[in-house]
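Input sequences plus hints: build the corresponding full structure.
Residue numbers (full-length UniProt numbering): 1 to 1238.
Check the hints yourself; a few may be wrong.
[What the hints assert, rightly or not] For lysine to aspartate or glutamate, the following DMTMM-like pairs were computed, each having C-alpha atoms within a straight-line distance of at most 25 Å:
hint	residue 1	residue 2
1	705	41
2	712	369
3	772	895
4	298	342
5	772	791
6	705	360
7	55	684
8	229	698
These aren't lab readings, by the way, just hints derived from the structure by calculation.
Predicted, not measured: the structure shown is a model, and the values here were computed from it.
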Amino acid sequence: MHWYYKLLARRPHLVLVAVGIFSIACIVVALCTRKLPDFDDPTLGFEARGTSIGKRWTAWRNLLDETSASGRLVANPKELTFGSTGSSNVRHKATANGVHLAKRRKQKGKKKVPSLTPEEGPKKHTKLGKNIRILKELYDNQTVEAVAANGGEVISFEEYDNETAAHRGGRQEVWEYGRNQSFYTEEVGNKTMEKKRAKWDTLRKLRPPPEPIEIHIPSDGFFCESPNKEYAHLVVQRTNDNFNDTIFELNAFLALCELEQKVVTVDHYGDICQRELTSDSCCRPWSIVNYVTFLSNKSSCFELNEEDVAMVKTLLFDCFPYFHNMKLSNDCMRSSCIAPNECKQHNAVYNILHYLANVDFIRQNESVEFLNATMIFLPVARSTKSMEFYHSLSQAKLANELVAVVAMDMGLKNALFDECLLRDGWLIGLGGVFVVLCMWLYTGSLFVTIMTVVAVAFSLGIAYFIYSFIFELTFFPFMNLLAVIVVVGIGADDAFIFLKIWQCTIVDRMKCGGGIVIPIVPSTSSSCHSEGSGAAAGRGTSDALVEIMGSTLRHAALSMLVTSLTTAAAFYASYVSSITAVRCFGIFSGTAVMANYFLMVTWLPAAVSIAERMSCLMLLKPFARVSHRFSVPFIALAQFSRRVEDTIIGLVIGVPWLWITLLGTIGILSGVLVLHWPKLRLPDSPDFKLFISNHPFERYDSDYKEMFWFEKMYTTTESFKIPLRFVWGVLPVDRGNFLDPEQRGDLLFDESFNMSAPESQQWLLQFCRRIKNQTFYQTSYGLLLPNCFIENFISWMARRCNDSMGEIDRTPCCEVSPFPFAPDIFDQCLPESISSLYETPREFFIPGVAGPKFARSSFLVDDGGEGVDAGKVVKAVVIEYESTQVFTMSYPEIDGFVRSVEGWLAEQLHDAPPTMANAWFISELEFFDLQDTLSTGTMVAIAMAMAVALLVLMLVTLNVLISLYAIVTVTFTILTTVAMLVLLGWKLNVLESVAVSTAIGLAVDFSLHYGVHYRLSTEPDRRSSTRFSLQRMLGPTAMAAITTGIAGALMLPSSVLAYIQIGVFLVIVMSISWLYATFFLMSLLRLIGPQYGFGQFRYPKLRAALRGGSDDCKSTGPIDPEGTRQSASHNHHHHHHHHHHHHHHHHQKGAVSEQLLSNSSSAAGDLVGSESHELDSLTSNSIIKPVNLEITRPINFDRAFKKQHSLPHEQSPSTVSAITVVLPDDVDIRIAPIGSGT
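Okay, here's the thing in structure tokens:
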């Protein structure tokens, strides 16, 4: 790697340009050739794929898709087209469903509504009977006119209807499956088409009659039609002072009236409101106060009095029983309502109770009402068009002394989330700015700080390129944006590591007697001269820079690799989760961390190398004076931080028992909170929260949705029983891409399935009988025709063979065929049976998902042109019954139900014939599957991340006890973090699951840093090793914790819940992990840490290779100042009597003269004097040692850890034994161990 160090030292601009071009190319290619991710549906990907239920759910959805119009299967065999002619195709399609035809006609009629003349307008408000009379009169009058226009032929619509009906259903007995026997000649067909054309011409000439109720026209002269769920609606409640008072009283109504006026005068309301056609003014909002005004025959709600309120209250009480017994509807003019006229008039009672008043407004058999909340429906559609209106609304003060708008639903939740995600991006930027400021304070170089920020941006760009091009992932969930915060924190930490080691190496070289004074490092003289001159000096300077670069990179590269690997491993461990969004987040975040590492060993060293050259300019007057002034606050900050550091070290070493007891107790209590009670609960709502809990959209969904009947009808789970569905013929596999929620793969048919086999028929009949004896089966009354088709088929086959009246012979589909039916008879008769079922009136038969599914003809001939066995036309079968299990969000309840059904099914399949053995159970279990995956997947991800952390710790420290203590610390950190989240009311949803696994990656770093440095201590006893580790690591870990924690805290003002949660999480995890690592782990090591080599493993071969080094200061190896600083700072512990102590002390005081980048960074120099990064010493066997030693002795690994009396510092044990995992390059380093023989 020497060539690379040379390149970085001598041609850093080439590296910068090359890496810059590569990074920009990646970003440009990724952004220009791929569609930018949109977050229209933020919950996309929040589902489990690849689990047992997940596979079945995907297969079920694919089966439903295949049964649609464009699919390969049909439920109604009449839709099959086996070699029939074109005309019969038309007939089959047209007559598939008379009801649908009628519906389509209605819709066509509605689309073309002519504008009404003023004379016709009033006709709208007539009663239904009057409308029918008008319709008949209009028809009679206009038919006379049409007769002349039509050549004298009178069109009879009844005749047309009867004729088409005859053609539709009259010949169904003659029609046989697979053959065209309807005697429908071409001549008849042409005649019918001509008649149809003539009738349609006549219909077009007739002016359609006005409809009984027309949209936008006030049917009652007051409101435009009835309120509807698709209009924007606001929830109004009493303000806090009067919360326990009812709204149904005069003062509250007047306050409500005022509030409503405020809403309708908000900007942009007039642009999007629905208007009356008669007056062109906005329709009136539907509110309880407006209905009271209307029923009181007043023109304005401000005119209401006590009598009006009492009158309407009495009306509602009188009519409530009819509403409660479902005798009222939203349109009593069209549907007959069995209730007194006053209850039916204008549908006012129904609309108030159903739409505008909360569910408990009036209770059955109670005489007191309590209107807790009421709804205002605005004549504004729930759509993204109302976004500007919402923004105006959110800025208006929608409250007065008595009432306030507390929640709303405007159909904007996802669109607003998308907008807020980008709008609140500046908070992430603010966090980034704070990290940059910290870095600038730390390094003192604006250039290096900016280059680090660019590196973080590049790492995200490279990660996106790898994510979309190398991994070919098309789905980019919004949670991937949260990786930005993590990468900013890690990028800053890596920069701290590199710069610290760089600074240490330079300071160390200057302490090395007889070494070259590097001109680009600020010195006490104000010029940049070296001892040599001309070309020779240039070469010396260049060589020195190469050595510094090599030394720094050897340590920093491994040091950063360890921190990057642990964090990336925690992210990649999320891949074991079955939830698509979590997997994608893990891949992207892990990749971003590793891309960041790549830039930290290429881009950053080159930037620092250039900064070194630039810093020389800062030494020339007048720059020196300016930079000195600038450095004053830096020095003050460094002095303050050193005092804090000394206090913390004193506390840890002085009272370790206190910290172990205190933090250990907190950790154990947290464990009880998390694992026993109240636990990190699973989500109890399938609605994924997007905004903070007091956001009006979130409040509506979580608090108010179930308070109104119109919502409760759609969302209530009280009456919804989970269906029991058993599927044959389809294998429960998911052949789609688990990393893309849009790709679900194809349906895979079970080749062994054969419904027509006699043993299959018998077994299925037994199955349907047995299921009715189970506790989970809900007994149902009435016709259950489609549920288990075999029972209905057997009774249908019992019909008589000859119909004497119609002279029809039904053989073999009749009583002559005994059960079980022969396969050919089964295949011939079942389609007829199902077809007749589909012609049953809808009161008796509603087509569902149950029943056999038949293959289309196009599917029965495969691509090779060879016909698939057309005998097996039934490709799949679904049996469906209702269960006794009410739909609930409770995980344990559904878990018990699913286990019991699956256990019973497994028993039944033991004796199933091979043709029926591959059945599976599916129901509405998607949310249950998500809960199940979160509960197990999160624990697996935690276990995997912990295992990787332990492995890294073991490899780096090679000490069993240190690794064990570190893992205990990390475990307590995780438990305490999660306990905090439990106390904050978090539930284990998708985002929280990601947060917990991320916590491990972030929490293990600090423990790793401390553990490694304890292990690398020059002293064999616990006390000294603890002090050594704390003095080196306290600063950098605190810096990393503060920068990342405050970056998280800056996200708290966001309105996006995900941003807030990640912010809270970062603050908590950083604080707790730093406290536990500093106080708990170091106290453990202070009291019971390994000493004198206990529990220590080594690499003997590597040690032998590293023994063959050369002399001390002439070597190209790094010489760490921290060892020197250590000896100086510990001079009260040891007999330091060499001139070296004075030399080092001078350097500490005059840090400005030895600074890395410029005079302006003197504070950073002071920081350097007191701290070094965690793994400075990993790759050298002699890095922590005094310089210019007078006494040299051979390496002796055994005596390195023996008990010692107080030696002079020169005789203190070498840390040769501190060799750990090393990079291969280290073997070639020319390092002079102590006493290697000079």
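Hint check results:
1. 705 <-> 41: holds (21 Å)
2. 712 <-> 369: Holds. Residue 712 to residue 369 sits at ~20 Å (cutoff 25 Å).
3. 772 <-> 895: holds (21 Å)
4. 298 <-> 342: holds (17 Å)
5. 772 <-> 791: Between residue 772 and residue 791 the Cα gap is close to 13 Å, so the pair holds against 25 Å.
6. 705 <-> 360: Roughly 13 Å separates the two Cα atoms, so the pair holds.
7. 55 <-> 684: OK: residue 55 and residue 684 at ~23 Å, within 25 Å.
8. 229 <-> 698: holds (17 Å)
Violated hints: none; the structure is consistent with every hint.
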